[in-house]
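Student: Following the hints, complete the assembly by docking chain B onto the known chain A.
Top line first, the protein sequences correspond to chains A and B.
End of the first sequence sits at 305 in the working numbering; the numbers just go up one at a time, nothing left out.
End of the second sequence sits at 305 in the working numbering; the numbers just go up one at a time, nothing left out.
A hint or two may mislead.
As the list makes no split between identical chains, a pair holds if one copy fits it or if it spans any two.
Lysine-lysine pairs mimicking DSS-like chemistry, simulated, CA-CA at most 25 Å apart [to be verified]: (1) K173 with K238; (2) K117 with K201; (3) K285 with K117; (4) K285 with K238.
Hint data in this document are derived by calculation from the structure and do not stem from the laboratory.
Bear in mind that the values here come from a model prediction, so they are computed numbers and not experimental data.
As a plain string of letters, each chain reads:
Protein chains: 2
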Amino acid sequence: MKPFTTDLNLETGILRGAHNHLQRRLSSMEGQYSDRVAYEALLGQGDALVYEVYENVKMPPAPGELYHGTSIVHPGRVGDEYFMTKGHFHQVLETAEVYHCVHGHGYMMMETPHGEWAAEELKPGVVLYVPPQWAHRSINIGNDDLITFFIYPGDAGHDYGTVEAKGFHKLVVDRQGKPTVIDNPRWSAA
Amino acid sequence: MKPFTTDLNLETGILRGAHNHLQRRLSSMEGQYSDRVAYEALLGQGDALVYEVYENVKMPPAPGELYHGTSIVHPGRVGDEYFMTKGHFHQVLETAEVYHCVHGHGYMMMETPHGEWAAEELKPGVVLYVPPQWAHRSINIGNDDLITFFIYPGDAGHDYGTVEAKGFHKLVVDRQGKPTVIDNPRWSAA
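With the rest of the complex left out, here is chain A:
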């Protein structure tokens, strides 16, 4: 492989020249929002674009490689929850990820398979280290796009199934206009 460049626009999050451009719509978030009535009602109005990812991933899926790109979570609500990413563990649990927030306002919700959790605020300038073993989900609490630049090892892989089946232990919800962490009433230990 030869060196190559792509170009990151800090206002739009578009990574010009990236290998992949992924779009996730509301229908792919089935079961992830606590308020199922609000979810179905919103889906009835159309399959909204929740987030997008531009990513450089054509390198071999090897431990010494670095996949990288941008995540753009659009602003929106489902009941008192916010638009967010699906969230995932890495398939190779012993792999970290680094996020640099370049635009917008949000939280990264994180948890381990052992039930530890943490939420870190994302705003421009924040560089977040997500250690090995920590599942992670970006949540947009603002009125503008939440944009992060991310990097993870080439062999990490994505495990979306665990979060799809069990959810996260904690939710971030709007309480009188303030983002507030609460227990997930639908969290499943199964």
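Tutor: This is chain B only, laid out in the frame that chain A set:
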């Protein structure tokens, strides 16, 4: 290890809260500049600060970890060459590095142990992928700080000795006000 954040100032390159802050002065660049007379003359005026690194490195030196930080190359000249970093291979050659240029103007000079070379322009927005095996050196061709955010695997390590002994195959020099790539007259195949 728990998740943690540091704060990146895009104008200064300071990564607030970083584990390490490293400063490299002109005296540590002995033998790296082609024009030895200009080097000694400049050193005679004082041991100038050439570049600084803020870095998060307290994670275990394991393949799935990600060390990350900022590099700030100050503006300056040594003869017709520019202020630059020492440049290095990774000790574990099969490890990549990603750079995101956030400020300033420069080049990344790169080469492999097999003699391939590449130079990529660095300006705000450029995301550069440095593949496994490629030595790399940042060169500031502007009048302001050249600031990059970088990420590399925790087990990569640094091999500065090869570049110190042999130099890079190519130099970037000022020719009538334009940065120009030339063969390194002092490059050693030994």
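Student: Now tell me, hint by hint, if it's right for this structure.
Tutor: Against the structure, the hints:
In this homomeric assembly, K173 and K238 come within 25 Å of each other (Cα to Cα) only across copies, at 23 Å, whereas the closest approach inside a single copy is 29 Å. Only between protomers do K117 and K201 lie at most 25 Å apart by alpha-carbon distance; the minimum there is 22 Å, versus 32 Å within a single protomer. When the C-alpha separation of K285 and K117 is checked against a cutoff of 25 Å, the pair qualifies only between copies, where the shortest distance is 17 Å, while the shortest distance within a copy is 42 Å. In this homomeric assembly, K285 and K238 come within 25 Å of each other (Cα to Cα) only inside a single copy, at 20 Å, whereas the closest approach across copies is 40 Å.
In the structure shown, no violation is registered for any of the earlier numbered hints.
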